Structure formats: structure tokens, C-alpha cells
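> Quick note, the sequence shown lines up with residues 1 to 169 if you use the numbering used here.
I should point out that these hints are in silico values taken from the structure, not numbers from a laboratory.
25 Å max Cα-Cα, derived SDA-like pairs, lysine to any residue:
1) K52 <-> C34
2) K17 <-> Q28
3) K52 <-> M7
4) K3 <-> P22
5) K74 <-> L55
6) K3 <-> A18
7) K3 <-> T56
8) K52 <-> E77
9) K52 <-> L9
10) K51 <-> P11
11) K3 <-> N153
12) K74 <-> T162
13) K17 <-> Q49
14) K52 <-> A166
15) K17 <-> D40
16) K52 <-> E158
17) K3 <-> N67
Computed beta-carbon distance windows for the label pairs:
18) D83 <-> H149: 21 to 29 Å
19) N38 <-> S94: 44 to 52 Å
20) W112 <-> S163: 13 to 21 Å
Bear in mind the structure is a predicted one, so any value in this text is a computation, not a measurement. C-beta atoms are modelled at their ideal positions from N, C-alpha and C, and glycine is treated no differently.
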Amino acid sequence: MAKATIMILCPSGHRRKAQMTPNSNLLQALEDICNQENLDSSEWGLVHQRKKCDLTVPWRLTSIPTNALLEMYKLEERRPTSDVTVQLQLPDNSRHAGNFNPSITLQQMLDWYRSQSESMIAALDTSINVSDKLYPVCSYMSEEVIGIHALSNTTLRELGLTSGAAVIR
Numbered sequence: 001m002a003k004a005t006i007m008i009l010c011p012s013g014h015r016r017k018a019q020m021t022p023n024s025n026l027l028q029a030l031e032d033i034c035n036q037e038n039l040d041s042s043e044w045g046l047v048h049q050r051k052k053c054d055l056t057v058p059w060r061l062t063s064i065p066t067n068a069l070l071e072m073y074k075l076e077e078r079r080p081t082s083d084v085t086v087q088l089q090l091p092d093n094s095r096h097a098g099n100f101n102p103s104i105t106l107q108q109m110l111d112w113y114r115s116q117s118e119s120m121i122a123a124l125d126t127s128i129n130v131s132d133k134l135y136p137v138c139s140y141m142s143e144e145v146i147g148i149h150a151l152s153n154t155t156l157r158e159l160g161l162t163s164g165a166a167v168i169r
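When you get a sec, could you build the whole thing from the sequences and use the hints?
Written as C-alpha cells, this is what we have:
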């Protein structure tokens, strides 16, 4: 996958480079830059040509060119962190909803669904049965998270889910 580079102008005047893949989002780039600058990422946003950027959209959908200069700006209020409503779509096309904190990993989310007794989540166990050639997979938009290790290390926030609702297959 080709990586694009963007420049982010920090409040300190430093210009920082961020590597972007087509499925990465600006929120992750902003968090990385804020960690380098010792800033709280929930207090900052990004602007490209005087237009505020949606931080949760995948890079390929932002219409921002490679080598663009984005500027950090101070938000009037901290970026709220609210629960995300996730509907898990199983292979039989049934959907099961739950509310989760954006910091929860996909594996923790699957474990929560597995513990629910009122629904057909037993089908989830058959679809996630790890054998020689079967691996657990969660897909959101065009991003696929494959394997137990990847599920344990990927949070909803890293997928760009910080509020609202989403369907994960």
C-alpha cells in the first residue's frame, strides 16, 4: 500500500510529517503529532485551506492531496468522547447492537457479544473458530482486522469510531 505524506503545522511553529495510508484517518495522525509535541489531542483539530477536517474519515475520502500542509487549531471545547453504537453483523446477516467506549478493543467487543445470552451469538463462536485455516476477521468499511493479535490491539478509536453508530462485519 502506498504511503502519502502530509505536513502538519504545530502551534509551536514546528512542521511535522505524518505518513498516511489510504485507510488511515487524520485522528491517528493528529494523536501521533500531539504525542510528539506533548499536547492533548482532544483539544486540537486540523484545518486545510481554512476548512476544518473531519478526523474520522479514511484518508482516501478526505480530498486532501499528498504533501498538503494542515494546520493545528485549538478547539473551543474538548472533543467529546461518547459511546459508539456498534452493530455486529454475523455471516448469517443477523445484526446485534451494543454500546461501547471508543477505547475498547475489537477482541473485548467480541467477548462482550459472546457473553450475551438472549441472541444468536453462538453463531459468532462458529465463525471465529480458530483452526488451521480459519482466523477471526472484523471488517469496517474497507478495513479488515485479521487474527486474534490484531483484534486485541485494534481499538474502535483507531478505526475512526469516536461517536455515533457503525456496522462491523
